[in-house]
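A.B. asks: Residues -21 to -1, 1 to 239, numbered by mature numbering (1 follows the signal peptide of the UniProt record, and there is no 0), are exactly what the sequence shown covers, in order.
Calculated directly from the structure, the hints in this document are not laboratory data.
From a predicted model like this one, the values you see are computed outputs, not experimental measurements.
All clues stand as given, with none of them false.
Straight-line Cα separation of at most 27 Å, DSSO-like style, residue types lysine-lysine; simulated pairs:
#1 K212 <-> K191
#2 K192 <-> K151
#3 K212 <-> K151
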Amino acid sequence: MKPLNQLLVLTLLLAPTLAVAEQNDEPQGYVDKPVKGWYWYDKKTKPPKNAPPAPAPAPPPASPTERLARIEKIRKELLITAVLDPQPENIRRYKVVQDFLVNKASAFSATWQKVLLDYPELDYNLKHPFYNGAAPIEYAKERQAQARAIDQVNQRYGVFLFYRGQEPLDNKLGSVVKEFAAQYGLHLVPVSIDGRISADLPDSRRDTGQAKKMGIKHFPAIYLVEPGTGTYKPLAYGFITQDDLARRVLNVVTDFKPRD
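Kindly produce the complete structure, drawing on both the sequences and the hints.
C.D. replies: The following block contains the structure:
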């Protein structure tokens, strides 16, 4: 073979080897060469056997409720200890904790007053004064609201009193309800459950099944009954004074809605 032909053959044989060598000389990433290990990460190396254990995580801080409960528990323990063993040191230790709580309460009270000045809309005294001088005004407003509610009752309902004539408490309630109805012009219908007629309620009816039909099982009972629709609702069970009865009427008429 001629020298030129030998050179060409040698070049062709060495070309793949040179190409591989050139590729191996270039920097390689995971695109150029698969990364070792399962899928695309290496197996983690195990820490040495004698490595110190990791420190335990710090416990979360106690909540205010937990802190107060802890202090209160300490206070009780110190108090019991001082009572059972009234040595000066035991009493001193209890007094320290007690004074701490009293000071906290005093600071709370003082800050409370400051907050009411900074945020007057939170002051209950603006809507409902609690001082003695303002009490008659508040009472008059409440009585006016009660009178309006009773007037609404008078326009729609009759007042039914279910009582037991042989029970002294029922008879006492009968006289209270009679005076209440007379004061506000309410239509009162007394109904005797046991057939005994109260001396204060001579116009009473004897029950002929009305109480059972209305599901009344507790006596004495005062009900509001609307004649036009036959609907009814309880007003009171048991003995009640006229003042409380007026408040109850207001609550029932407003469906127990809180008043400002």
